[in-house]
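*Asks:* Sequence:
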Amino acid sequence: MKNNISLFWILLLVMTLGVNSYASYCIQSKVKVPGRVHQLYDDAQADTLKNSSSTIEDTEYTWQDRYLFIYSSKRAAQSALSKKRRSLKDPKVVQCSKNDLKFHLQPKKSGVSSYETKTFNQRYEKKWANFTLPKLRKRIPTKLRGSDVRVESLQHMNFLPTLNINTLFSHWKKRGIRDPKAIFIANGVYDIEKVRRLVNNPALISRENKNTYIIKAPIYLAHSATLIIRGVTLKASSRDGFFLMYNGKLYISDSKLIAWDTKKNKFAEREHVPDEKILYIGIQKPRPYLLGLAGSMTDMYNTKIIGFGFKSTVATFGISLAKWPADSTMNSLKDHLEKLGEPSGTFVGNDMDRNFFSFYSNEASHVTLLGNYMYDSIIYHFDPHDYSTHLDIGRNLTTRAGHAHGIIISRQVQESVIAQNLTIRNHSAGIMLDRDCFKNLIYGNIAIGNGYDGISLFESGDNRIEKNLVARNYSSGIYVRNSVNIDINDNEIFRNVKNGVEVNSYNIDDTPSRDFKRDPYYQASSATIVDNLIEYNNNSAITTKGGAAVYLKNNTFSMQDPRYYSGEMRSFATHMTSAGGNKNGFLKPGLGSPYSNISSDLIKISRSTSNAIIDTLLDLGRNGNTQAGSVLGYFYGTQHKNALKELELLRESTNLDFVAMEHLGFLWLNNKNTIPTDTNHSTSMEGLTLISEAVILGNKSVAHDLRFLSRLMPITDNMIENAFTIAIARMQKGNVVDPNHIYCDKRAICSNNYVMQNKIKLEVERFIQNYKISGCESYLCFTKQLTEDYRFVTDASLRRLAEKVRTTNLPKIIQNRNTAKKVKRLEKTWEHQVYSDKQKFKKETAGFNLDRYEDEDMERLIPHIRTILKKINFHRTQKNQITLDEVLKILKSKKGLPHGIASSH
Numbered sequence: 002m003k004n005n006i007s008l009f010w011i012l013l014l015v016m017t018l019g020v021n022s023y024a025s026y027c028i029q030s031k032v033k034v035p036g037r038v039h040q041l042y043d044d045a046q047a048d049t050l051k052n053s054s055s056t057i058e059d060t061e062y063t064w065q066d067r068y069l070f071i072y073s074s075k076r077a078a079q080s081a082l083s084k085k086r087r088s089l090k091d092p093k094v095v096q097c098s099k100n101d102l103k104f105h106l107q108p109k110k111s112g113v114s115s116y117e118t119k120t121f122n123q124r125y126e127k128k129w130a131n132f133t134l135p136k137l138r139k140r141i142p143t144k145l146r147g148s149d150v151r152v153e154s155l156q157h158m159n160f161l162p163t164l165n166i167n168t169l170f171s172h173w174k175k176r177g178i179r180d181p182k183a184i185f186i187a188n189g190v191y192d193i194e195k196v197r198r199l200v201n202n203p204a205l206i207s208r209e210n211k212n213t214y215i216i217k218a219p220i221y222l223a224h225s226a227t228l229i230i231r232g233v234t235l236k237a238s239s240r241d242g243f244f245l246m247y248n249g250k251l252y253i254s255d256s257k258l259i260a261w262d263t264k265k266n267k268f269a270e271r272e273h274v275p276d277e278k279i280l281y282i283g284i285q286k287p288r289p290y291l292l293g294l295a296g297s298m299t300d301m302y303n304t305k306i307i308g309f310g311f312k313s314t315v316a317t318f319g320i321s322l323a324k325w326p327a328d329s330t331m332n333s334l335k336d337h338l339e340k341l342g343e344p345s346g347t348f349v350g351n352d353m354d355r356n357f358f359s360f361y362s363n364e365a366s367h368v369t370l371l372g373n374y375m376y377d378s379i380i381y382h383f384d385p386h387d388y389s390t391h392l393d394i395g396r397n398l399t400t401r402a403g404h405a406h407g408i409i410i411s412r413q414v415q416e417s418v419i420a421q422n423l424t425i426r427n428h429s430a431g432i433m434l435d436r437d438c439f440k441n442l443i444y445g446n447i448a449i450g451n452g453y454d455g456i457s458l459f460e461s462g463d464n465r466i467e468k469n470l471v472a473r474n475y476s477s478g479i480y481v482r483n484s485v486n487i488d489i490n491d492n493e494i495f496r497n498v499k500n501g502v503e504v505n506s507y508n509i510d511d512t513p514s515r516d517f518k519r520d521p522y523y524q525a526s527s528a529t530i531v532d533n534l535i536e537y538n539n540n541s542a543i544t545t546k547g548g549a550a551v552y553l554k555n556n557t558f559s560m561q562d563p564r565y566y567s568g569e570m571r572s573f574a575t576h577m578t579s580a581g582g583n584k585n586g587f588l589k590p591g592l593g594s595p596y597s598n599i600s601s602d603l604i605k606i607s608r609s610t611s612n613a614i615i616d617t618l619l620d621l622g623r624n625g626n627t628q629a630g631s632v633l634g635y636f637y638g639t640q641h642k643n644a645l646k647e648l649e650l651l652r653e654s655t656n657l658d659f660v661a662m663e664h665l666g667f668l669w670l671n672n673k674n675t676i677p678t679d680t681n682h683s684t685s686m687e688g689l690t691l692i693s694e695a696v697i698l699g700n701k702s703v704a705h706d707l708r709f710l711s712r713l714m715p716i717t718d719n720m721i722e723n724a725f726t727i728a729i730a731r732m733q734k735g736n737v738v739d740p741n742h743i744y745c746d747k748r749a750i751c752s753n754n755y756v757m758q759n760k761i762k763l764e765v766e767r768f769i770q771n772y773k774i775s776g777c778e779s780y781l782c783f784t785k786q787l788t789e790d791y792r793f794v795t796d797a798s799l800r801r802l803a804e805k806v807r808t809t810n811l812p813k814i815i816q817n818r819n820t821a822k823k824v825k826r827l828e829k830t831w832e833h834q835v836y837s838d839k840q841k842f843k844k845e846t847a848g849f850n851l852d853r854y855e856d857e858d859m860e861r862l863i864p865h866i867r868t869i870l871k872k873i874n875f876h877r878t879q880k881n882q883i884t885l886d887e888v889l890k891i892l893k894s895k896k897g898l899p900h901g902i903a904s905s906h
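Heads up: the sequence shown at position 119 corresponds to 120 in our numbering, and the numbers run straight through without jumps.
Rather than coming from a laboratory, the hints here were simulated on the basis of the structure. On a predicted model such as this, the values are computed, not experimentally measured, just so you know. Don't take every hint at face value.
[To be verified] In silico DSS-like pairs for lysine-lysine, Cα to Cα no more than 30 Å straight-line: (1) K182 to K340; (2) K554 to K109; (3) K701 to K174; (4) K340 to K554.
[Stated by the list, open to error] Simulated DEER-style distance windows between Cβ atoms: (5) K93 to H404: 41 to 51 Å; (6) K841 to K139: 50 to 60 Å; (7) I814 to K841: 22 to 32 Å; (8) E270 to N508: 35 to 45 Å; (9) L534 to D856: 14 to 24 Å; (10) G848 to K93: 50 to 60 Å; (11) A574 to E270: 12 to 22 Å; (12) G232 to Q816: 39 to 49 Å.
We put the beta carbon where it would ideally sit given N, CA and C, even for glycine.
Please work from the sequences and hints to get the whole structure.
*Replies:* Have a look at this one:
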């Protein structure tokens with residue numbers, strides 16, 4: 002134990018030293034700028050840029066050194082410089098830090114080319130035309146097969162996200178349920194009726210009538226299985242902690258899934274949670290949810306989901322696709338399941354009503370969401386998150402998101418399209434991009450009457466916003482914060498309460514809710530604003546703040562006089578109107594801060610640090626630390642050195658380290674170049690044999706895993722029996738690894754000395770004797786007997802969960818408390834009274850304008866709404882068509898409106 006603790010702290014120290022050695026490198030070049038451009042981050046000094054227009058003579062400029070490009074490594078900077086040298090004056094690569102001066106910033110086009118929009122009809126319209134309900138229903142399998150449906154103790158299913166299970170156990174414990182059961186479905190194609198018959202337990206799943214089922218038990222669907230829910234109503238019990246987690250294929254069509262209170266026999270109403278606690282963990286009672294894990298495929302058509310989801314530890318929000326949720330424990334089965342790949346799905350023509358989130362994803366890929374109607378969600382409607390890619394979010398109606406945005410993508414969601422959606426009357430933004438989402442296209446959407454901006458981009462560069470209609474939103478039409486290379490082209494933006502377009506560079510370092518190690522940002526913004534129609538906005542057409550850089554060309558303004566421009570743009574108003582700067586093209590340079598941090602998700606250990614870790618582990622191993630070899634093997638794996646990983650695990654396996662045997666066994670079992678067979682010549686069979694040897698040597702964890710192996714991996718129970726037979730025969734000769742196996746290649750590490758051989762023989766004889774005493778007729782039966790008392794949820798794990806809940810909630814509690822104190826102090830000042838009066842006047846003015854011109858605006862909006870509704874309804878049944886009257890009723894309703902003008906960003 003002492004060695005293990007020392008090993009942990011040494012590794013932590015070495016890796017920390019490596020991480021802290023990072024620096025940024027800049028390409029520095031001389032740039033022709035006005036002499037005082039570095040002061041452009043205050044409205045009061047915006048006049049210093051008056052001389053920066055293209056009409057000024059060269060003699061009025063000065064050449065100054067500026068950082069133009071920022072890179073995380075010197076090699077990357079030098080490589081870029083070799084390509085960019087021709088266009089720069091006296092360039093060089095220099096080391097820079099977050100304390101350096103701001104760098105000169107000029108807007109440039111996004112990473113989404115105009116080709117994407119020019120070919121939109123050919124690419125997306127043509128592709129989406131195939132997503133009709135009759136065509137999609139043909140995807141659903143028609144033949145059922147299999148009978149591998151069992152009831153298992155959830156205490157044994159440690160390959161599921163254990164944080165989720167621990168959360169439910171806290172709930173079950175209060176109800177006196179000590180050993181909750183789950184329905185485990187594997188190896189076949191099933192519908193819900195077949196599952197009911199195979200389970201044959203009305204306490205877990207029962208049929209109320211021909212097409213209505215009540216489900217009280219959680220369900221897990223293995224990768225080898227397909228579940229079909231078609232033409233039925235499922236009443237999912239909230240009291241009993243229903244969830245459906247799956248690595249397999251799930252088809253839901255023409256159905257209704259509803260959160261059900263089995264005690265009151267009605268829809269399970271949500272308990273009241275104060276707004277300030279709505280995102281706290283552990284406050285809300287569990288509710289049903291669907292969670293597609295790695296390798297899962299979800300098809301959902303013409304289905305209504307009502308009342309699902311709650312705020313808890315991991316992806317319990319309603320409908321979620323998450324490759325592998327963050328978890329408290331890891332084991333070899335989880336490691337195998339995670340390798341199944343990103344979850345994917347198709348969601349067409351569904352209704353989502355009163356869910357916590359309507360849709361959430363984490364590392365999902367190739368997901369299509371078309372023709373869905375999302376309303377009255379507690380927080381968000383769409384929330385694709387963390388590294389999800391290639392998403393088509395199109396032709397959906399999102400309205401009345403209770404506490405946040407209609408559509409949001411966050412944390413490096415990329416290469417996705419948000420197009421032809423109607424997003425109205427949501428609490429915050431209609432569409433939001435957040436935390437370094439890049440190379441996304443926001444095209445042809447309508448955003449009306451949202452509580453904040455129509456479209457918001459926060460810390461998300463290289464995105465294109467084109468052909469959207471953004472009107473009557475309670476903040477700005479389009480808002481860009483700390484995001485560079487944004488294209489804002491050919492949009493219609495009118496009658497928003499603040500500005501038509503706002504581009505802002507803003508310091509958010511004091512935001513308590515942001516993890517800047519994981520989500521670093523540039524304090525810099527730039528945008529090209531071209532060919533837009535901007536009119537009737539309450540404050541101004543275009544504003545920039547904080548040194549944002551913009552390029553304007555050929556924008557049309559109407560009824561904005563005298564506030565065409567505000568903020569830093571105010572100084573250029575005369576030039577822009579009299580000299581035709583907007584029509585002919587006008588560039589306002591800006592300023593940005595160097596890249597001041599590296600995301601903890603993207604940190605790579607340097608070569609010197611890597612070598613130091615390896616040397617440390619080798620020294621520990623030579624000095625008798627029995628865990629060093631396994632850790633070294635794992636570390637080689639993280640460095641993608643699989644040959645060294647196998648070699649190190651092989652070395653430790655011959656030293657009878659059963660953890661190394663487990664890791665090496667699963668590594669070979671997962672070898673994608675081999676298909677598992679009964680022959681002992683295959684790498685996969687050798688892996689299964691090593692796993693069996695680990696069990697023989699006393700590894701109870703892997704013995705427990707064996708009970709599920711044939712249901713989670715493409716192997717059979719017979720193969721497991723054969724592996725034990727091979728393992729016993731080999732160990733009776735004093736070996737644990739076949740010296741003739743291709744991975745040994747007659748290496749000395751594959752053979753054992755006389756003392757070790759005797760130890761191996763003693764261990765295998767002990768196992769054989771215990772097996773005979775057990776009375777089992779198979780080795781698999783014996784392993785189940787060995788681990789029957791296995792429990793992964795314990796009082797200790799529940800205490801750890803409670804501590805995690807406390808530490809997770811604490812920053813939010815402190816933030817809410819400090820905010821309340823600050824507000825209370827401010828309310829006592831005369832400045833607050835002045836501010837309140839000003840805000841009251843703005844609210845009355847904005848409300849008056851919106852009310853006064855409502856009929857006129859609706860007349861203008863109706864043709865656009867009618868067009869987009871036709872596209873949405875193309876993916877819906879005739880019975881579930883969304884009518885224009887329904888949309889207009891939502892727009893005219895005061896429900897969900899903000900209490901006042903949205904607060905300043």
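*Asks:* Hints broken by the structure, by number, lowest first?
*Replies:* 4 and 11
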